[in-house]
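Student: Residue numbers (the numbering used here), protein chains in the order written: chain R, 281 to 392; chain G, 1309 to 1426.
No lab work stands behind these hints, which were simulated from the structure alone.
Among the hints, erroneous ones may be present.
[What the hints assert, rightly or not] Per label pair, the in silico range of CB-to-CB distance: (1) P392/R - G1370/G: 35 to 41 Å; (2) S338/R - E1360/G: 47 to 53 Å; (3) T1315/G - K336/R: 33 to 39 Å; (4) P1347/G - Q294/R: 25 to 31 Å; (5) S389/R - R1375/G: 27 to 33 Å; (6) P1347/G - E295/R: 23 to 29 Å; (7) G1311/G - S338/R: 32 to 38 Å; (8) N332/R - T1313/G: 24 to 30 Å; (9) F1403/G - T344/R: 23 to 29 Å; (10) T1346/G - K349/R: 40 to 46 Å.
[To be verified] Far from chain R, by Cβ distances over 10 Å, these chain G residues were calculated: (11) V1312; (12) R1323; (13) G1336; (14) S1341; (15) Y1343; (16) E1356; (17) R1363; (18) G1366; (19) G1370; (20) D1393; (21) L1398; (22) R1404; (23) T1416.
Every residue gets a Cβ at the ideal spot worked out from N, C-alpha and C, and that includes glycine.
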Amino acid sequence: SQQGEEDPQALSIQEGENATMNCSYKTSINNLQWYRQNSGRGLVHLILIRSNEREKHSGRLRVTLDTSKKSSSLLITASRAADTASYFCATDATGSQGNLIFGKGTKLSVKP
Amino acid sequence: KAGVTQTPRYLIKTRGQQVTLSCSPISGHRSVSWYQQTPGQGLQFLFEYFSETQRNKGNFPGRFSGRQFSNSRSEMNVSTLELGDSALYLCASSFRQDRRLSGANVLTFGAGSRLTVL
């Protein structure tokens, strides 16, 4: 079953623009993580935000978490063609056995 | 250090056959998780192994099974293949040991095994 749902499903922008992806989830969580997947490859961990954190930065990435709305957003600033990939949020639900539940992802296309 | 290695990368099977996929985790990682990825369902959790024991299981039929060896390498098996089993099967390893201890379950994924069932 899907815990996280990303929005939008697809996003197309020009190089240099910012990209924002949103994730909504259903149950309380210990943490939320974002992963990137280049076409047909494995996923790469980008950033983790814990339930008691509201915002986190890593390079050009900024993640926010609103536990009252059960939502998170991933902002990629000054995007590059190499950022073209699918982005997934994954939740570690409270009371679960720790396995991550992934959303269906946002497909980001950055045009040069 | 070497990443997560999955073999084979691509394979084609016919309905009714069985398949075994292999995963070698990052050295020192004792937790191995398996996911099935399809365009329609996205990433679906199959199971997690830790110290040769299945610690967690997703909602898949019994045709899907797995095991883990003493060196943490893992295999998953799908018997009596169906067309709908065509997917990218992803293995991920993690250092996290006990859920009661601190530390989040951050996964390192392999490149996947692409299974096509004809």
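Student: Hint by hint, note whether the structure agrees.
Tutor: Cross-check of the supplied hints:
For the hinted restraint 35 to 41 Å between P392/R and G1370/G, the CB-CB distance of approximately 49 Å leaves it violated. Checked against the hint of 47 to 53 Å, the C-beta distance between S338/R and E1360/G comes to roughly 35 Å, which is inconsistent with it. The given range of 33 to 39 Å is respected by T1315/G and K336/R, whose C-beta atoms sit roughly 35 Å from each other. The hinted range of 25 to 31 Å is satisfied by P1347/G and Q294/R, whose Cβ atoms lie roughly 27 Å apart.
Between S389/R and R1375/G, the C-beta spacing of about 40 Å breaks the proposed range 27 to 33 Å. In this structure, P1347/G and E295/R meet the distance hint of 23 to 29 Å, their C-beta atoms being roughly 27 Å apart. A hinted range of 32 to 38 Å is violated for the C-beta pair G1311/G and S338/R, which are about 20 Å apart. At about 36 Å, the CB distance of N332/R to T1313/G disagrees with the hint of 24 to 30 Å.
Range check, F1403/G to T344/R: Cβ separation about 27 Å, and the 23 to 29 Å hint holds. Between T1346/G and K349/R the beta carbons are some 29 Å apart, a value that contradicts the proposed interval 40 to 46 Å. With a least beta-carbon separation of about 7 Å from chain R, V1312/G fails to lie farther than 10 Å from that chain, contradicting its non-interface assignment. The claim that R1323/G lies off the interface holds: its Cβ sits roughly 23 Å from the closest Cβ of chain R, which is beyond the 10 Å cut-off.
Every CB of chain R lies more than 10 Å from the CB of G1336/G, the least distance being 16 Å, so the non-interface label holds. At the 10 Å boundary, the C-beta of S1341/G falls inside the reach of chain R, the nearest C-beta of that chain being 6 Å off. With a closest Cβ-Cβ approach of about 8 Å to chain R, Y1343/G is found to fall inside the 10 Å limit, against its non-interface label. Look at E1356/G: its CB is around 6 Å from the nearest CB on chain R, not clear of 10 Å, so calling it non-interface is violated.
The claim that R1363/G is not at the interface with chain R is violated, since a C-beta of that chain comes within 10 Å of its own (minimum 6 Å). Distance check on G1366/G: its Cβ comes as close as 8 Å (rounded) to a Cβ of chain R, failing to clear the 10 Å threshold; non-interface status is violated. With a closest Cβ-Cβ approach of about 19 Å to chain R, G1370/G is found to remain outside the 10 Å limit, as its non-interface label requires. A cut-off of 10 Å between C-beta atoms confirms that D1393/G is not in contact with chain R; the least separation is 17 Å.
Look at L1398/G: its CB is around 6 Å from the nearest CB on chain R, not clear of 10 Å, so calling it non-interface is violated. Residue placement check: R1404/G does not keep its beta carbon more than 10 Å from all beta carbons of chain R (closest about 7 Å). Distance to chain R contradicts T1416/G as a non-interface residue, since its nearest Cβ pair spans about 7 Å, not more than 10 Å.
Figure legend: structure checked against the earlier numbered hints; hints not met, in rising order: 1, 2, 5, 7, 8, 10, 11, 14, 15, 16, 17, 18, 21, 22 and 23.
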